[in-house]
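Protein chains in written order, with the UniProt record's numbering: chain A, 1 to 223; chain B, 1 to 223.
Where hints are given, some of them may not hold.
Because identical chains cannot be distinguished in the list, a pair is counted as satisfied if it fits within a single copy or across any two copies.
SDA-like mimics (lysine to any residue), calculated; alpha carbons at most 20 Å apart, straight line [as the list claims (entries may be wrong)]:
| # | residue 1 | residue 2 |
| --- | --- | --- |
| 1 | Lys213 | His50 |
| 2 | Lys213 | Ser176 |
| 3 | Lys213 | Ala69 |
| 4 | Lys9 | Asp66 |
| 5 | Lys181 | His109 |
| 6 | Lys181 | Ser167 |
| 7 | Lys213 | Gln59 |
| 8 | Lys213 | His62 |
| 9 | Lys9 | His172 |
| 10 | Lys181 | Thr48 |
| 11 | Lys9 | Met67 |
| 12 | Lys213 | Asp147 |
| 13 | Lys213 | Asp66 |
| 14 | Lys213 | Gln61 |
| 15 | Lys213 | Phe65 |
| 16 | Lys181 | Arg52 |
Just so you know, these hints were derived from the structure itself, not from any lab.
There are 2 protein chains.
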Amino acid sequence: MMRTAYHEKLAALTTNLSQICRMTGAAIESATQALLRADLSRAEQVITDHDRIVELCDQSQHDAFDMLALQQPVAGDLRSIFAAIQVTADVDRMGALAVHIAKIARRRHPDCAVPAEVRGCFAEMGTVAVQMSNTASEVLLSFDPDDASHLRDEDDVMDDLHRQLFSLVLDHDEWSHGVQKAVDVVLLGRFYERFADHAVEVGRRVVFEATGKLPAQQDIATY
Amino acid sequence: MMRTAYHEKLAALTTNLSQICRMTGAAIESATQALLRADLSRAEQVITDHDRIVELCDQSQHDAFDMLALQQPVAGDLRSIFAAIQVTADVDRMGALAVHIAKIARRRHPDCAVPAEVRGCFAEMGTVAVQMSNTASEVLLSFDPDDASHLRDEDDVMDDLHRQLFSLVLDHDEWSHGVQKAVDVVLLGRFYERFADHAVEVGRRVVFEATGKLPAQQDIATY
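Just chain A, with the same shape it has in the complex:
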């Protein structure tokens, strides 16, 4: 294979991952709408559309493997492929988490899974999640460590929202929606928070790709 063709293939791999990352953002945006509006068809759509994300992730894995097999990559290219293998796992998981959210929306339909007083919090978590997947998508193209560090700031916002959500659910005087709703809300909160963690991971991988240095793992969240 010619070197140029090889670099085109590598660029295509990165572009695909950036695209998948954006698709997970669209998925969690739709899942959030489905959740807040108890919109069954939108929930179903997220679940159906996920097949395409899985397919593209499988393709990325194969492409990365083939590129390692067909030509011995030099340091920088090797780092790109190495990062791509790991980023694929992250975006795959981000898509799955959006599906988890959509499935809870579907299960509680025609009811809304989340009581009125936490809907604002979920709307914000949805907005931050979409923003983070878009940032991660851009970082995959820009390789900019500064952009990647924005993901940390966005993740701090997500963690604050996650804590707020827990306070609302665990406040004995205020929560009047019973155990099932509490369970739904807490699991949903966790899905958003994990989605954000994976977006941060994408940023870490890209920093490694650009600099050869992997930033420290984030601390494990309390919950």
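Model the placement of chain B on the given structure of chain A, informed by the hints.
Below, chain B alone, put in the same frame as chain A:
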């Protein structure tokens, strides 16, 4: 580097991953004991010991990267390294999930986080989790697809236990422990279930390593 030295290094990488996998089994075993007995020092130990797992995972990532950089691996060796990159992410996460369990045990100390009627269920989930990490650890050395398929059976047992747990918590007539305990129990249940999923993933990766074919992803669990 001589080919023989290279293969020794590859064998060492696999042995290390198998060892880390076994360590995550020990971690979730201790975390389960800490949880069931409200044993603070044991919970602290799991949290402290996790640093070593993270360190070993980082080392595995570096080793895998170096092996790709230093010598162009042929198909079989390349599959081994490719699998190792992904297995590292899984065992890293398994360790983190054991820490999550230990942290809930610590947070509720001197109370026991889990009410008496679900302790049997958690004891069983703990047993299955330990068994699965041991199976995954063995599969990493045996490369046996049949051993890997045992992980699926063990995961089915875990899924059943997870469902049982949900029934207990969501049974309006029976659950008398309030929202906070319900939230703890449901999150704990999810940590065990995710631990098991990652063990299954390790098996899938090893099958790919041995056969060049990746078995289908498991269906995304309902919750």
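To see whether the hints hold, each was checked on the structure:
Within a single copy, Lys213 and His50 get their C-alpha atoms no closer than 33 Å, and across copies no closer than 22 Å, so neither meets the 20 Å cut-off. For a Cα distance limit of 20 Å, the shortest separation of Lys213 from Ser176 qualifies neither inside one copy, at 49 Å, nor across copies, at 51 Å. Only between protomers do Lys213 and Ala69 lie at most 20 Å apart by alpha-carbon distance; the minimum there is 15 Å, versus 24 Å within a single protomer. In this assembly of identical chains, Lys9 and Asp66 lie within 20 Å of each other by CA distance solely inside one copy; the values are 10 Å within and 23 Å between copies.
Taking identical chains as interchangeable, the C-alpha atoms of Lys181 and His109 lie at most 20 Å apart only when both belong to the same chain, with a minimum of 13 Å there against 26 Å between chains. In this assembly of identical chains, Lys181 and Ser167 lie within 20 Å of each other by CA distance both inside one copy and across copies; the values are 14 Å within and 14 Å between. For the identical chains of this complex, Lys213 and Gln59 are inter-copy neighbours only, at 13 Å across copies versus 27 Å inside a copy, given an alpha-carbon limit of 20 Å. Taking identical chains as interchangeable, the C-alpha atoms of Lys213 and His62 lie at most 20 Å apart only when they sit on different chains, with a minimum of 11 Å there against 25 Å within one chain.
Within a single copy, Lys9 and His172 get their C-alpha atoms no closer than 56 Å, and across copies no closer than 56 Å, so neither meets the 20 Å cut-off. Within a single copy, Lys181 and Thr48 get their C-alpha atoms no closer than 25 Å, and across copies no closer than 34 Å, so neither meets the 20 Å cut-off. For the homomeric pair Lys9 and Met67, the shortest alpha-carbon distance inside one copy (8 Å) is at most 20 Å, but the shortest distance between copies (22 Å) is not. Taking the shortest alpha-carbon separations for Lys213 and Asp147, only the intra-copy value of 16 Å comes in at or below 20 Å, while the best inter-copy value is 37 Å.
For a Cα distance limit of 20 Å, the shortest separation of Lys213 from Asp66 across copies, 14 Å, qualifies, whereas the shortest one inside one copy, 25 Å, does not. In this homomeric assembly, Lys213 and Gln61 come within 20 Å of each other (Cα to Cα) only across copies, at 12 Å, whereas the closest approach inside a single copy is 23 Å. Proximity of Lys213 to Phe65 under the C-alpha cut-off of 20 Å is restricted to the inter-copy arrangement: shortest distance 12 Å between copies versus 22 Å within a copy. Proximity of Lys181 to Arg52 under the C-alpha cut-off of 20 Å is found in neither arrangement, the shortest distances being 31 Å within a copy and 38 Å between copies.
Consistency with the previously given hints fails for numbers 1, 2, 9, 10, 16, ordered from lowest to highest.
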